[in-house]
Each structure stands twice: as C-alpha cells, then as structure tokens.
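Trainee: Could you slot chain B onto chain A? The hints should help.
Chains as they are written, first to last, in this note's numbering: chain A, 8 to 327; chain B, 6 to 229.
No wet-lab data here; the hints were simulated from the structure. Any given hint might turn out to be false.
What the hints assert, rightly or not - Partner residues aside, some chain A positions facing chain B, computed with beta carbon under 7 angstroms: (1) Asp241; (2) Gln245; (3) Gly246; (4) Trp248; (5) Ser288; (6) Met307; (7) Val311; (8) Asp313.
These numbers come from a predicted model, not from an experiment. Positions of the beta carbon are idealized from the N, C-alpha and C atoms, including for glycine.
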Amino acid sequence: MAGGDFSWDDAPDGWARQIRELAVTIQSDWPALGLTLAISVLVNALIPADEVSGYANWPLDGIGWVVVVLLFDLDLAVLLAMLAGHFATTFVHLGIAGQLAPVTLINVGTDVVTIGAFQVMAGVATGMLRAAASSAARAAEAEEAVRAAEVIAARVHEDRRRRSAQLDAEVRPLLTGLADGALDPAADQTRRDSAIAAARMRRLFAEGDDVDDRLLHELKACVDVAERRGVLVDLATQGSWPGLPLDVRRGLTEAPVRVLSTARNWARVTVLGTDSGVSVSVVADGDAAGIPAEADGAVMITTVEDEDRLWVKATWQTQT
Amino acid sequence: MGEGDVADPDVITAVIIDDHPAITAGVRAWCDAARPPVELVDADGKIGRAWTEPGASAQVVIFDLQLGGPPAFRELERLVDAGRQVIVYSQRADRDTVLTCLDLGVFTYLTKAEGPDHLIPAIRAAATDLPYTSPSLGGAISTDRRPSRPQLSEREMETLVAWFESDSKRLVAGKLGVSIKTVETYIDRVRIKYANTGRPARTKAALVERAIQDGLIAMEDLTP
Chain A
8 MAGGDFSWDD
18 APDGWARQIR
28 ELAVTIQSDW
38 PALGLTLAIS
48 VLVNALIPAD
58 EVSGYANWPL
68 DGIGWVVVVL
78 LFDLDLAVLL
88 AMLAGHFATT
98 FVHLGIAGQL
108 APVTLINVGT
118 DVVTIGAFQV
128 MAGVATGMLR
138 AAASSAARAA
148 EAEEAVRAAE
158 VIAARVHEDR
168 RRRSAQLDAE
178 VRPLLTGLAD
188 GALDPAADQT
198 RRDSAIAAAR
208 MRRLFAEGDD
218 VDDRLLHELK
228 ACVDVAERRG
238 VLVDLATQGS
248 WPGLPLDVRR
258 GLTEAPVRVL
268 STARNWARVT
278 VLGTDSGVSV
288 SVVADGDAAG
298 IPAEADGAVM
308 ITTVEDEDRL
318 WVKATWQTQT
Chain B
6 MGEGDVADPD
16 VITAVIIDDH
26 PAITAGVRAW
36 CDAARPPVEL
46 VDADGKIGRA
56 WTEPGASAQV
66 VIFDLQLGGP
76 PAFRELERLV
86 DAGRQVIVYS
96 QRADRDTVLT
106 CLDLGVFTYL
116 TKAEGPDHLI
126 PAIRAAATDL
136 PYTSPSLGGA
146 ISTDRRPSRP
156 QLSEREMETL
166 VAWFESDSKR
176 LVAGKLGVSI
186 KTVETYIDRV
196 RIKYANTGRP
206 ARTKAALVER
216 AIQDGLIAME
226 DLTP
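Just chain A, same shape as in the assembly:
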C-alpha cells in the first residue's frame, strides 16, 4: 500500500475504519502470506514447464488451502485476490516457457476452476459464519444493555419506594396531626418534631446525591436546615475518613441532627477523622430531650451537658 499522498483519514468514515482494520490484520498475517506466495513462485521455478499440468504441480492445490486458512478472518475480496495471484504464477510460468497449447491451458484451467471453486466456497462459508457470529454478538450486547437498564431502573424504583416509606412513617403523622388540629403548631414539641423531620428529609434527599464525601454532604444538608431556622452554625472538619456505609453515616448524623434541630441560637459542628475512626460532634444551646443516650448500631453516642450547653458526640470506630 505505497500510496503517495493518500491518507486513510480522507476516506469516508466507515470505509476508512474498515480499510484500516484490514491493513492491521494483513500486517499481522503478512509474513505468512508472503512466504506462501514465495513458495508458489518457487515451485513454478523448480518444476519443468511441461509438468505444470501434471502431478508434480501438487502445491497448486495445497498453497490455496493455506491461503484460505490464513485469511479466515478477512474479507472475501482479499482471499480472491490472493488466490488469483497464486494461480497467476502458474500461467505466468507457462507463458514464459511458451507452453500455451490449448490442451495444457484446458488441463491447468480445469484444475484451477475445480480447486479454486472449493477454496472460494470455503472462504464464502467462513464469511457467512463470521457475519452470523457478529450479528449474534450485537444482539447479545443489546440484550445485555436492556437488562442492565432494567436492573438499574428497578433499583432506583426500590430506593425511591424505601425513601418514600420512611418519609411516610415520619412525616405523615406530623402533617395529619397539624391538619386535623391534633398537634398544636405553637407547641415546642411540635416545632421540635417538625425541625427534626425536616432535617431528616434533607438528609434523605442528600443520600441519593453522587458526591465524593457523602458524610459531609449529608451533614451539610442538616446544617442547612438549622441555618434556615436562624441558628448560627460553625462547621469545622479535621483529618480524613473513608467512604462509609449508609447505616454508619446515619448513625453518625442522627444524634447531631437532633441537637441541631433543638439548637436555639448557635451550634458548633465538627467532624474528626483519625486512624481509629470518625466522630461527628455538635455543641449547641439546645436540650438533651430525645437524644439516644447509648449506642446506635455501630456508633457510640456520648452526651455532656453544662448549664446552657449540650455537647453530643457520635463516634464510629474502625474494626481492627
């Protein structure tokens, strides 16, 4: 393919890709094909011209089959060209020797046609097999994609159902209570329950987001709710922590959510990541009502109260 200033990139896209792939495959088979053709020429050079139509020219058959095997994965046109080149050596040999009598040509021609027909048919058959295989592969791929999409959709649906169930259990009683007058909107308890439910809803929404640091992201959602209530929140982090599973993140944020929701004016929220674990701590001017005193799953809760301040710390320790 010594092609002056022709560039494959200029060819139409589909074509260009096919030709480039072809060139790559031929390159890898090239030494073997070259050797086969060289043998084809060599055999013709070794046997006398009057034996070309006889048994001495047995490679006429064999070389063609070798070419068929070498070109299994290529286009039929390439095979045809190679076979034509191979058979041509025989006729060139006859031509050079001046043996162009009709009987000789008919003998050789018959050989070429019968042998060549089988070889070309073999090439056609492999081509058809290849086409069937690749269309089957495409179909399987498409099926796989559909199945994956279905699984993802099912999981998203399941996730939404789970969240909606959680919201239902928590928010519905509050809303119905407010609607039918069973809950007094002015009561401290109602306000506190509503603030906690609002913070949990925000956390629930934040859980679905795709972010690097989920713990901090969910915590910020809770801080945001408190800030909207006019609480001045100071959030400080130090150290680093790994990606934590959902139940650990919930355990770490649950107690802080409650404290933040009862904070009156200010709160200090800190996240500290050390070699031994992660802790989320909240100091605020709130009260300790409703804070789980002990452990919440894998997370340990400690509470310190001091006149007007409440300090709650949730710690999760890495298992060693």
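Mentor: Structure of chain B alone, referenced to chain A:
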C-alpha cells in the same frame, strides 16, 4: 487610645495584614472594645507595612495567609525569622496549612470563624509569650500523622480532640472529669512540645523558655 506612642505598658500594639477591609474593621472594633484596649495598626493588606513604622514596632502581627494569591509562607517565614509574634488569621482550616504555619514558627493559628472568641485573648497571650492554642490548631495537631511530630500522651490527645470539638474548656473539663486548669495545662504542654520541635525560631524558644520558668513543663519532658 490616642496616638501611637507606646507610653502605657499595658496597651498592646498589633498590626493587621488583611486585604479585606471588613475584616480589619471588625478586628478594630474588637480591639477598641477590649479592656485594656489593643492598639491596632492597619497595614492595608500590604506586608511591607509590617516592616515600616508604625507597623514595625507592633508587638503582634495578625496575618491573613492569603492576600489575593497562594498562601504567603515565604513572607510569613521572614516575619518569624525577624522575631515577630505572628498570629495567622485565615479562612483556611486544612491540616497541612495549619501545621506548615506551626512549623514555620507562628505564635498561633486562628480561623476567621474563631476570631470573635479567640483573637483578643490570643493577642494578649502573644504579647506575653504564653502559649495559645485555638480549637482549629488543636484539631490540626490531633490529626498530625507526620513521623516528625512530637510524642503526645493519650490524655493530651483526648484533651486536644475535645477542645477542637467543643471550643469550651469547661465542657472539656466536664467530659474528662478534670479541672479547667488541668485542661489548660494539657493543651499548653502540647503547644510547648510543638514549639520545641522542627525548625528553630526565636519566638518558639521564647515560648519554651517561659513555659519552663512557669513550671508548665519540665526540661525532661522536652528531650525526646
């Protein structure tokens, strides 16, 4: 208050290098409200003014690490090398920045959020070579994992973590079941241990010297 002559030995002078006028105005208000007041020189965001009068003779430098560019560690180092007591007062709170400043020999590190509660006490401490560890500095030290870090006892570590989390010595004391004085001692001892490691600086030496004089820490505790 009046003019710049430091006639009253109780009045501390400080120079603030911060490129946000609102920050400078806020700090000035705190300085004026302090009793006794702190006399504040505004460097107008220019480091050069800490080197020329009246900034040059201010006892304490309040330094915003980021003056419209990357952290000014070089400038910070020069100030420390000249023996200035520098309080870094920055927006940043990441451990590496805080520890780098500490290594360079700054007096203490305050985040902007800590200003209202901690800046004036820190200025007073700086003027008298008494250690001052802000919660953010405590947090950075408690997560220090560098091999060169000083050895801290378990109790010191607990205290430091609790100080970072609660920003209240009384809460720390309540949690650990010790007196506020003990909490202060633990925190200050950690600060002295850090002053005694790494790159030497005159300000660090002064801190250690004062701590030994006051009996806060013994010589033996400082030899690794």
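Trainee: Against each hint, give a clear statement of whether it holds in the structure.
Mentor: Going down the list of hints, with the structure as the test:
no.	hint	verdict
1	Asp241	holds (5 angstroms)
2	Gln245	holds (4 angstroms)
3	Gly246	holds (4 angstroms)
4	Trp248	violated (11 angstroms)
5	Ser288	holds (4 angstroms)
6	Met307	violated (14 angstroms)
7	Val311	holds (5 angstroms)
8	Asp313	holds (5 angstroms)
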